[in-house]
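Construct the entire structure; sequences and hints are all you get.
Numbering (this note's numbering) for the sequence shown: 24 to 318.
Treat the hints with care, since some could be wrong.
As the list claims (entries may be wrong) - No farther apart than 20 Å at their CA atoms in a straight line, the calculated lysine to any residue pairs in the SDA-like style are these: (1) Lys-177 with Ser-293; (2) Lys-276 with Ser-114; (3) Lys-171 with Ala-109.
If you are wondering where the hints come from, they were derived from the structure by calculation, not from laboratory data.
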Amino acid sequence: MKLTNNVYKKQITLILSVFTILVTSAQDIHFTFANVQNTIDNGEYYYEADIMIESSEAFKLGSGQIYLTYNPEAFGTNISRNNRIAYTSESGYILGENYILPAYQGFIQNDNTDNRISFTFQQGVSAESITKENVTTIAKPLLHIKLKYIDATKDPLVAFEEGSVFQDQFFTACGSMLKTGAKAGFPDCANLPGIKLVHDTYDSSGASLQILSIEEQDVTAVSLYPNPAQQYFLIQGLGNIETDIYITDINGKLVQMLPSHPLQNTINISQLQTGVYFVKIDTQNSQKSYKLIKE
Numbered sequence: 024m025k026l027t028n029n030v031y032k033k034q035i036t037l038i039l040s041v042f043t044i045l046v047t048s049a050q051d052i053h054f055t056f057a058n059v060q061n062t063i064d065n066g067e068y069y070y071e072a073d074i075m076i077e078s079s080e081a082f083k084l085g086s087g088q089i090y091l092t093y094n095p096e097a098f099g100t101n102i103s104r105n106n107r108i109a110y111t112s113e114s115g116y117i118l119g120e121n122y123i124l125p126a127y128q129g130f131i132q133n134d135n136t137d138n139r140i141s142f143t144f145q146q147g148v149s150a151e152s153i154t155k156e157n158v159t160t161i162a163k164p165l166l167h168i169k170l171k172y173i174d175a176t177k178d179p180l181v182a183f184e185e186g187s188v189f190q191d192q193f194f195t196a197c198g199s200m201l202k203t204g205a206k207a208g209f210p211d212c213a214n215l216p217g218i219k220l221v222h223d224t225y226d227s228s229g230a231s232l233q234i235l236s237i238e239e240q241d242v243t244a245v246s247l248y249p250n251p252a253q254q255y256f257l258i259q260g261l262g263n264i265e266t267d268i269y270i271t272d273i274n275g276k277l278v279q280m281l282p283s284h285p286l287q288n289t290i291n292i293s294q295l296q297t298g299v300y301f302v303k304i305d306t307q308n309s310q311k312s313y314k315l316i317k318e
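Have a look at this one:
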């Protein structure tokens, strides 16, 4: 009996050791924003960004849930219910992977509060069907978000929700071995669950719109006249074309948009306060920015 008890204790110790190794070796995942920009689509203004994911160790992604907050002055409240947000995951995004069948499915978004939204997804195929680790030590795009403005002059203030109750919502991919012993392309998370990831971190600094740079080399070819300006100015040097014009303040905040603006027409800035602004011009081949002084 004594020998049996010793064997039993050794087995328990071994099991606990294995469990400890599994927990302590769990991947640390990190989320960031990239490719942030304001866009115009059919006369409507949007904030767009990629949500990026990376890990301390490569693994195959299972299910997950992420929370975002935003400025209701810019986008309104309850943006899911009011159809002011869209998630996309085309080819090149992790959630857009396809292995004959879509790798991920069951996409659900919900308004948690007036200015917070959650997005969940489920695994669509088994870990065996996912041919390689899709989360690595290099940041990769998980999905793309597109929020519709109600006031594009307001700061978006898009950010990850980082409270403890909102963390640790991601899992590694679960297996596909069924009880019968046959393999299947569909996940069997009940019998072969993935590992819950408990060390996720978030960096929202990349969600801010970037300050536009000034391309000094173009000043001789293109000019703003008059500059300084009091009420109106013209863009000279590009001919009589139509193009999108974006005006931001010195902090990068969008204060005025003019979609498909004919360059032969003046631009009214009488509503702007005195100060320094940047005028971004979308030409056919490039985007350039110029300094404007409002008196």
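Here is what the structure says about each hint:
1. Lys-177 with Ser-293: Between Lys-177 and Ser-293 the Cα gap is close to 19 Å, so the pair holds against 20 Å.
2. Lys-276 with Ser-114: 31 Å, violated
3. Lys-171 with Ala-109: 9 Å, holds
Of the numbered hints listed earlier, the single one contradicted by the structure is hint 2.
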